[in-house]
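Given the coordinates of chain E, assemble chains Z and G onto it according to the supplied hints.
So the protein sequences, as listed, match chains E, Z and G. With the numbering used here, the residue at position 165 of the first sequence is 165, and numbering never jumps. Position in the second sequence counted from 1, then plus 1000, gives you the numbering used here. Position in the third sequence counted from 1, then plus 2000, gives you the numbering used here.
These aren't lab readings, by the way, just hints derived from the structure by calculation. Ideal Cβ placement from N, Cα and C applies to all residues, glycine included. Careful: at least some of the hints might be erroneous.
[Unchecked claim] Some chain E residues judged to face chain G by a derived CB distance under 8 Å, without partners named:
(1) Leu27
(2) Thr46
(3) Tyr51
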Amino acid sequence: MISERVKSNLKQTFAESLLPKLGLVLLVSIVFMALFAPVLATHDPTRTGHYDEQGAPYPPLGHEYTAEIVQDGEIVEVPVEPTSEHILGTNNVGQDVYSRFLYGARISLLVGFLGTGIALLIGVPIGLIAGYYGGRVDDGLMRIADTMLAFPALVLALALLGVFGQSSIHVPDPLVIAGLADGMPESVPVPGTVIIVVALVTWVWFARVARGEALAIRNEEYVKAAKSFGTKDRTILRKHVLPNSLTPIIVLATIQVAAIILLEASLAYLGFSGTTLSWGYEIERGQGILRSRSWVSMVPGIGIVLTVISVNLLGDWLRDALDPNIEGEGR
Amino acid sequence: MTMGKFLVRRILQGIFVIWGVITVMFGLRAVSPGDPATLMLGEGATQELIERVREQEGLNEPIYIQYFEYLQGMVVGDFGYSWRSNREVEAMVIERVPATIELAVAATIVAIVIAIPLGVISATRRNEPADYGATLFSLLGISTPNFWLGLMLILVLGVWAGLFPTGRRPVGFGQAMMTLVQYGSVYDLLVWLQYITLPALTLGTYFTALITRLTRSGMVDELGKEYVMASRAKGLPAVLVRYKHVLRNTMIPIITVLGLQLGTLLGGAVITETVFNWPGLGLRLVDALGARDWPLMQGIIVFIAIAFVTINIVVDALYNYLNPQVREG
Amino acid sequence: MKIADNQKLDRRALLKLTGAAGTAGLASMAGCLDDPSADDDGEIDELTITLSQFPDTIDPLDHITGDFFDVYDHIYEPLFDFEPGEGIFPRVVDDWEIQEGEGATELYLRDDVVFHNGDDLTAEDVAWTINRTVDPEMGVISDIGSFGLGSIEGAEALDETTVSVEYGAAPGLAEFEFGNYARALDMQWAIDNHDAENEAISGADPEDFNGTGPYEVVDFTSGEEIVLERFDDYWGDEPPFETVIFNADGESNGRVNSLRTDATDLTINILPEDVSTVRNADDIEIRRVTSFRNIFCPMKNTVEPFDSQEFRQAMNYAVDNEGIASSVLSGYGEARGQPIAPGINGFNDEIEPYEQDVSMAESLVEESGYGGVEIELTVPQGRYLNDAEVGETVADQIDQLENVSCEANIVEFGTVSDANSAGVDPDVIEIPFYLIGWGTITGDTDYGVQGFFTIPDNEARTFDDEELSDAILESQQIEDPDERRQQLEEVNRLAHEKAPFLFLHTQESIYGVREQIEWEPREDESVFIWDME
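Excised from the complex, chain E in its bound form (with noise of 0.2 Å):
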């Protein structure tokens, strides 16, 4: 399966650089965040109402503005000063923003990895079978992935959501169960048409790869020996092929990781989330409001933008420590 080498190596190119120990602990520490963010948010997330005596929304600790509200018909400018119960302040609808980024880790990892183990588990198999098969199943195969690849993935996502509306389903949280966080909220909303919609865009990727694997490995001889054996094909596919192609499916799942947190952040941005919980969504609720209320854009962009790069520094050392076997393939 993955050969001794292959560990050292992983090993070796872990030890040698920074980029990856630094990739490592954050993808812990946000895996961390949104493992526990009922223990460690400070506020129900979705509580609306949190605001100054004069209507306005609080700013993060260390920053003040000027709210400009309507008092007995006229525009007054009040100044509004940050408090130690919201310390990255409240957004516009008076929700802590603190909260609301740990919240937000959950979705974007939901559907980051449940996204694209689905679409490894569509990818995967098709690919070992086209690959494997060759002729027409192989043909059929290759036009379905050219016609998916001339969409592009967000404009396709767009017109699946457009089709299958976007709804969530509520998964009871086992820490607000077990009693350990009072007063958050007592299920996790999970945008399920966005995670099986952005599988089924990425898919295609998967299965790429895995035909070209699959076509690479049948022609080797212990694959034809095995044949000439009379093992079955499915025993072949499942011993033989898959573990050998393991590798680039691995490497592409990280890229593709990173690739579906972007488009999940995207969607939500367009308004087509399932769930207002999402970083995307929360940047786009800012949007309206950056010039006087920039920090409710800002910090979930920040937490995309660290999620994102957790995954790719893990992706960048598989890849650097995997190289030579992806590039075997290549050319």
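This is chains Z and G only, laid out in the frame that chain E set:
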């Protein structure tokens, strides 16, 4: 395979792909919820009106008849009428193409102009501060969602520094050129430049990062190859070696990747146009989606698919030309 | 183009000058790229207006969108002048007379009105336009027919300048309707430009527009801008600006930016968050007015749990309208407890908004028998003042009730608009509870309640209640204005009590305007250039 045969094959494949796109779009429309007649009429439509529209639009016909009529229309370039504005979809698509091309070309120029020197510097000064800087930049570039980048550019360069205007652009490139020709004034051209700078940077950053990375890794590979060592040994000036031979060989994978990433560029344009209210095809697509104006939405997507397939064929041909081994493979 | 005749330094002329001056001046131009057309000699002869949506059709009857009328009213002028709270005044129609007991009014047209293409306006044009709007057999399919001209049955030309308009309701109500929505199209032109395949009047060239208004179209770039110039043969007073340009920007801060950089002179629908930008800039200012537009959440009473009056009232008690108006809307709204806004004929002064009372709401929910129910509020985004934010707050406040959980689902406006016209058949309803706004722009309660609550011939109603429906139908037949007003006040009281909506607020219209322009915003959201100076 000869170049001609290659092209014929690719074009046939392309037509198949476009047919696929048209069919998928039709399928999506057919399964999408909501009665098209209601969608067309919007608020307060009476049952009577709805029935009349259904009849008019052929929505009462069997689905396969609708499909063939739709396909027939597409073949002769009749994309139908927008439900929202009653205008011909072809016209509504075509009039928005220039703005998107302006943006895409500007972004590509930004990307190439910044990325290739950056990649070269990075590759030739490996593990020096310049290299670290370039690596960090490209890491950030591929990890930042472009709509957020756009907003931050608006905030920092537009609002805080006041360097760039951020509203709706007052002139297009075409009009700016007209002004130049008619009045000999570059005023409109300068305005246009001011307005396109932030969107082009926004859309271009991801590609800048990507090409920087590709250039760097490509050059690192090439610099390690024997012919470079040999030319150095022969005493050819280092600069010449670096740019002429190495860069040319590095260009091949870059062109391929750019071709492959065209979808990303167009997808990015959709979002960038939304952020900057840039009057291109992407903004119109988002509007059409919002209004659920199916004929317009289909028209735009089919157009994008055609453009994408065409450009890919061109890129393939170019690649083929630059790198003859592919043809045998 | 006629710009060359113009003495004022306009944009093109200035471009010529800068061109002639050579490149020396250009460096400085690039430094401050202000539009030279907004020259500071006190007078502006070119006015630019930035809307939030761009009209993409040449047919003024095709849509009932306010932004579109802001453009069309100047090209295809209304037949009457309408003053909110006062009634209708002569314009193209010089005088009119109610034909007592006949269900008709005769309109007497001016005889000196011409279309931009040179054709004379005749009674036949007016009659044809009205018929085309209200008769689905012969023309345009639009909300203007079913909503705007709801009680109008048809029109007939009696002679060159007399039109008889027939209706099925009290003359006072019909007057509000044709007074607002009647236009005149050139019949021959419309027929010539009629695109049979598309069943619409279509075209995208400047000449394709053809009305009798004080401005004619000289340039049209679809989706971007439409340029109007004074129509030389206009029958009435010369309007204040030679050239008027309309464009659109979907984002409030984009519109404000255009205003700030002199790219536009007047813009509509500014969000509270952008008000300070305008106030802090030189020579532009904010002008605002409480509009005729109410924001509320209809609850369709043919499905659970909204079939219970207690439950619907509970929703009203759960929400803090005042708080939403002062925080989410920064004060740019007034809490409301009836379907229509103050200043509208039939507004009931005695009805106060529901005040937030959580324990009352909770006990009403218990009474209704729907304790523990889960509901969803569907909310549009970008259509009304901070709509998504208002909806999210409303949903959260309902969610805070012990015995109801509620979530906001934020969608495109189209979805909400479909839900609103989907009717009350329980098998069809997918979205029974949503946030929407309604501008009662005719200035009469009927326009704000009829489409939502009346039962006969109204598939698109949102509420199914005989008593409320009958009260409205009764008001439509009352000829005496005072008596009718009292009945409408009763309709509003009944609506408050029956709670067909979760009542929210009346929103303010906020405009950004260049200081030199003398103009006061109107409650009905119309922007008339002829009101400016």
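So, going through the hints one by one against the coordinates:
no. : hint  : result
1   : Leu27 : 30 Å, violated
2   : Thr46 : 6 Å, holds
3   : Tyr51 : 5 Å, holds
Checked against the numbered hints above, the structure violates only hint 1.
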